[in-house]
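Visitor: What follows is the residue order along each chain.
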Amino acid sequence: MMQLWDVEVKSRKIEIVLILAVFLASLPLILNYGLLILSSFSTEMVTNLDPTSFRPTIDNWILLFEGRLSVTGGVREDVVRYTINTAIVALGVAGVVVLVSVMAGYAMSRMNFKGRSLIMQMILLLHAFPGVALIIAVYLIFRATLPSDIELARIYSFAYVIVARAALEIPMSIWLIKGFFDRVPWEVEWAAIIDGASRLRVWREVMLPMVKPGIAAIAIFAFLAGWEDLIYVRTFLFDRTLATYIESNINVEFAYMPLLAAAGTLYLLPTILFFILTQRLLLETSTGGIKG
Amino acid sequence: MAGNTTKYAIIGIIIIIIIAIGAYYATQKPAQTTTTPTTTSSPSPTTTSSPSPTTTTAPPKTVELTGDFNKDIIAVGKALEANGISEVKFTVWAAGDPNSVMRIYGIYEAAHRINKIWADNGINVKITVNKYWISDFNQLYQEYLSKQPLGQAGDFFVDSYVFIGSLAKEGYILDITPWVNKYWDSVFSDFYKPLWQGMKVGDKYYGIPQDTEARPLYIRKDVAKCIGWDLSNVADLVKEGKFTWKDVYEKAKEAVSKGCSEWGLIHRKGSAHPDLIQFIYAFGGKLYDPEKDKLVLDVPAVYKWLYVEWKFAQDGLLPKDIMSWDWAKQIHPTIVEGKTLFDIGGTWYWTEWQTKDYYTDPNTGEKRGLKPEEVKEWFYYTLFPAGEEGLKPVTLSQPFAWMINSRAGEQNPKYDELKDLYHKLAFLIVVKASDPDINAIHSVISAHVPVRKKATELLYDKDWINKLVNLQLDLAPEVKDNIKDIVATTVNEINVEFLANVSYMLDYTHMAPNHPKYPALADIFAETVDQVLRGQMTPEEAVQHIISRIQADPELSQAVEIVGEIPGGWQFP
Amino acid sequence: MKKNIFSTNKVQLLIFLLPAFLIVLLFYIIPIIITVYVSFTPMRNWNIDKYFNVIVGLQNYNRLFSLITRDPVARQVVMNTVVFVAITLAINVLGGLGLALANFFIDERVSTGFRTLWLLPRMTPIAVYGLLWYYFFHGSSIGMLNSIAMSLGLIKKPIAWGQEVIPWGPWSIIIIVNGFVGVSFGMVIFYSALKSIPRELIIAARVDGASNWKLTTNILIPLLRWHLLFVTTWQLLSLLTTYAHTFLLVEWGVVSRTYGQTWALYVFNTAFGRGEQDQGLAAAAAVILVIFGAILGWITVRALGFNKMITKPKGDI
Chain V
1 MMQLWDVEVK
11 SRKIEIVLIL
21 AVFLASLPLI
31 LNYGLLILSS
41 FSTEMVTNLD
51 PTSFRPTIDN
61 WILLFEGRLS
71 VTGGVREDVV
81 RYTINTAIVA
91 LGVAGVVVLV
101 SVMAGYAMSR
111 MNFKGRSLIM
121 QMILLLHAFP
131 GVALIIAVYL
141 IFRATLPSDI
151 ELARIYSFAY
161 VIVARAALEI
171 PMSIWLIKGF
181 FDRVPWEVEW
191 AAIIDGASRL
201 RVWREVMLPM
211 VKPGIAAIAI
221 FAFLAGWEDL
231 IYVRTFLFDR
241 TLATYIESNI
251 NVEFAYMPLL
261 AAAGTLYLLP
271 TILFFILTQR
281 LLLETSTGGI
291 KG
Chain H
1 MAGNTTKYAI
11 IGIIIIIIIA
21 IGAYYATQKP
31 AQTTTTPTTT
41 SSPSPTTTSS
51 PSPTTTTAPP
61 KTVELTGDFN
71 KDIIAVGKAL
81 EANGISEVKF
91 TVWAAGDPNS
101 VMRIYGIYEA
111 AHRINKIWAD
121 NGINVKITVN
131 KYWISDFNQL
141 YQEYLSKQPL
151 GQAGDFFVDS
161 YVFIGSLAKE
171 GYILDITPWV
181 NKYWDSVFSD
191 FYKPLWQGMK
201 VGDKYYGIPQ
211 DTEARPLYIR
221 KDVAKCIGWD
231 LSNVADLVKE
241 GKFTWKDVYE
251 KAKEAVSKGC
261 SEWGLIHRKG
271 SAHPDLIQFI
281 YAFGGKLYDP
291 EKDKLVLDVP
301 AVYKWLYVEW
311 KFAQDGLLPK
321 DIMSWDWAKQ
331 IHPTIVEGKT
341 LFDIGGTWYW
351 TEWQTKDYYT
361 DPNTGEKRGL
371 KPEEVKEWFY
381 YTLFPAGEEG
391 LKPVTLSQPF
401 AWMINSRAGE
411 QNPKYDELKD
421 LYHKLAFLIV
431 VKASDPDINA
441 IHSVISAHVP
451 VRKKATELLY
461 DKDWINKLVN
471 LQLDLAPEVK
481 DNIKDIVATT
491 VNEINVEFLA
501 NVSYMLDYTH
511 MAPNHPKYPA
521 LADIFAETVD
531 QVLRGQMTPE
541 EAVQHIISRI
551 QADPELSQAV
561 EIVGEIPGGW
571 QFP
Chain W
1 MKKNIFSTNK
11 VQLLIFLLPA
21 FLIVLLFYII
31 PIIITVYVSF
41 TPMRNWNIDK
51 YFNVIVGLQN
61 YNRLFSLITR
71 DPVARQVVMN
81 TVVFVAITLA
91 INVLGGLGLA
101 LANFFIDERV
111 STGFRTLWLL
121 PRMTPIAVYG
131 LLWYYFFHGS
141 SIGMLNSIAM
151 SLGLIKKPIA
161 WGQEVIPWGP
171 WSIIIIVNGF
181 VGVSFGMVIF
191 YSALKSIPRE
201 LIIAARVDGA
211 SNWKLTTNIL
221 IPLLRWHLLF
231 VTTWQLLSLL
241 TTYAHTFLLV
251 EWGVVSRTYG
261 QTWALYVFNT
271 AFGRGEQDQG
281 LAAAAAVILV
291 IFGAILGWIT
301 VRALGFNKMI
311 TKPKGDI
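Residue numbers (the numbering used here), protein chains in the order written: chain V, 1 to 292; chain H, 1 to 573; chain W, 1 to 317.
Since the hints were derived computationally from the structure, they do not count as laboratory data.
Where hints are given, some of them may not hold.
Taking beta-carbon pairs under 10 Å as the criterion, some of the chain V residues facing chain W (in silico) [unchecked claim]: (1) PRO28; (2) VAL100; (3) ILE141; (4) SER148; (5) ILE150; (6) LEU152; (7) ALA153; (8) PRO185.
Keep in mind the model is a prediction, meaning the values are calculated, not measured.
A virtual CB, placed ideally from N, CA and C, is assigned to each residue, including glycine.
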């Protein structure tokens, strides 16, 4: 924590001003999410400053874990299963994205080859192609490669949705991580190569620890993309995730909204945890890592 | 960190292996993926069974349906058994409000009953059913579209009839015409005739009606009393076309100006299927020309509809921003608290108001659902009145249909061989799920109107209703278990009486066309009505706007015929 | 020695690039070719068997052209898109930078809280996120904004922000709603970039007595050039194609249909929102959008001096 303290040493006053400013800008978010959580404990959605709409109950949460959508009636749903499915997709996407882009990003940053600059620009422009349009062709490929065995097809649908969704994140991640590799002093790597280590080993043992904040950033983005994805999941995944579960039941004419507020809150908890954990883990180790 | 990297690497490798397996399978089975869909697009079920190849040893690959349910189901069961099938798995997909669970459990119950018949006849085959349910029927349809070609959609698809046109065109659902014909006399002639028009494309049947409803005009009795309006014969006046929208306007105005209610009229919002097209029918217009198979933009009727809405909103009788009101916080509370004289709603409102906490009790300050007695005491209901004198009252139905996937049964063994048998079994399950009592249970607990007369008769059968209340009916245990709390809150004399009382409305019902392009037209309507209500467009401008939007889209303009002109000198009220 | 390393280099290069290459090939290059092809077919409702071999020529393009030129709503849509993309882009880049810097200068514990908070919109399923703003901007008294403004005495009766205050009401709402999601993108990227700046640089500047402002303008921002360029280009392309959040706001009536629709949403609604799933039309729209986006992206990349930044790896052989 020494280094952080060094940055702060300038002025306590400025820091307080900054905190206040960010707090003010965050106010709508605080209000919105606060009300969402509050509503999940109320029989009626709390949407404005009127305190009478808050009527405390914990039934919403009980109903949610019973897998129900309304106070009376409704078909039972396996919400726990959906949560696990969502996590599988999100972790899978994060894994694929990190692996692929950390490799490619390293090559783009540290290896010189013809057409390198052009490839980088092309990768960026790939993003101009929206997922909703790509999905037609991606669906075609999915259909052509789908195994006919039912159980295998189910597993395949997980794998496919993970890789397909990861593909959308990869251009961004390659770019990002390249930026991080670029800033690692060349001498660090050079020394290792002189010692006779292969590039693969240098990459793994020397370079990766130095770009941990970058890995954290792309992992977070990829995880979140997989966690909240709706269109790809709905089209390719045979099982349901929390996103499809919530999306298909929200704000319709007869929806019991406080229950969906609870579902929404549940949906947010793991992501918040994941974010805080990766932040701590990766940032703290990295601060000590740079010594040359 | 190294640990992390290896973890990611392992995940990556696993996925790559899985893809490789997938690719391997894909290259192995090219014939499978290309042949099945082409055969599904044109099922010709009854004709395929030629008697010649049946030698003494080979088990039958299909059976001929006769129209006698027990005979047929036993024949199917025996044929399956002879082919070595002991379990048949089906999945049912359905959508709707939380009380409409019988769209799922109807199939469960039918399977239960068929299993029993088979067991009684010593046939060792069992049907098991899986379910998939979401609230939004539009989304379920979209999911069906993308999963059907993958062979992952439900074998039974229970959704609005409006999708039948598109699904039939793509070959995603079975043409069941020959079988419906076989069962016409024994089962389907009992169904209400108008419902069938939505199940057909051309002269072919693609669905069986599952439920329907009417959209009554609700009138608050307490507000009517406040303006000194005697409601006793209004329903009859409406029926005779003597009480028209001009009268609705006058009464609404009176209620608001006398301070009896805040609003004169409240109606639903929504885009995909606005109830408001009832106005088109009420003004003698139409939406579809069956001869040309084209949608119709009936300009005079559309103009009159928009004018009425505009007038109501301009005079402060109908909220200008009704199309963006919140269901739970605005629309329903306004109605149940008597802040409007009229409401255009649906039959399902009747129980919706009882099961949801929309009402703030003035004595306790607590939010609660209405008691059945209160609903009955406060709400009068009629047909949707005629637009003007000389025309007829109407109502609008959106029947739900049992549809059968053109790949039904695919998750079962020997599908390629026994496809026809599986399809027929699926059809017979739907026939069973149309049993009067199953249909009547659905109607009562979800406040929908039965689709067949025998189900309606059960509503008048006090004995049967009592048995339902106490769950003494002979139903599969999981069905009982899943409907018991709905039964407890919704089945009572008042609600059953209401349903019986509104079923006459089906004689006046209209249905929006199930043409594949209808939703696009409905969307334009919804967008335009919103702007008219807000006063951002006059009715004349709105009609022009609709026309130019239709003409801007070559596909839509080919599908829609624009007829008539804005009537000059027409006045409302 | 030179030769030796160079020869292994190629194999190693291949190893490093192979996974990315495969994914790009499988999920971009091939799909792009298929998409161009599909734009000449009447593909709809995912019915590959029926429509894949049917060629209708330019029919989808004609239809699009007809919609753009003749549909009264489409004209407004173009204007909406320009305003939406320009303003939201500025907010996303500058706001993200501001947030990252602010978080950089404040206590780590406080900043983790803020950064989590600002990431929430990105973590929230679109429908739930849309719902929050639905209630926030609702045009009646149930809306939070109306409720606040009324209790402060700023307005007497509720205002339908997204429907009556035209055109800036609906514009502001779609910009704010998308901005809160977009800002976190820049924030995370800039923040992690700031965090990986060698401490020695900052400490040295501090020792020299640099103020926060000087430190920011002279050291931090120059070091973030690469990331700034990236975020700008990336967000530009994202905003051109985004529609999901706006879709719900329009659908639920929070913003006016005419003034709240952007081009991407308009195409989405025409191709998918109306019963039929018209993939042929969507493909045609996508082809046009990608050409347009690629040109815009290219210009941005050039204008911001991309080439100067891709320096040759110094030590590589």
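Visitor: Work down the list of hints and note, for each, if the structure agrees.
Guide: Here's how the hints hold up against the structure:
1. PRO28: Since the shortest Cβ distance to chain W is 7 Å, the answer is holds.
2. VAL100: With a minimum Cβ separation of about 4 Å from chain W (threshold 10 Å), the hint on V:VAL100 holds.
3. ILE141: 7 Å, holds
4. SER148: 16 Å, violated
5. ILE150: Status violated, d = 20 Å.
6. LEU152: Violated: closest Cβ of chain W sits about 20 Å from V:LEU152, beyond 10 Å.
7. ALA153: Cβ of V:ALA153 sits 16 Å from chain W, so the hint is violated.
8. PRO185: The hint holds - V:PRO185 has a Cβ within 10 Å of chain W, the shortest such distance being about 8 Å.
Of the hints listed earlier, those the structure fails to meet are numbers 4, 5, 6, 7, in rising order.
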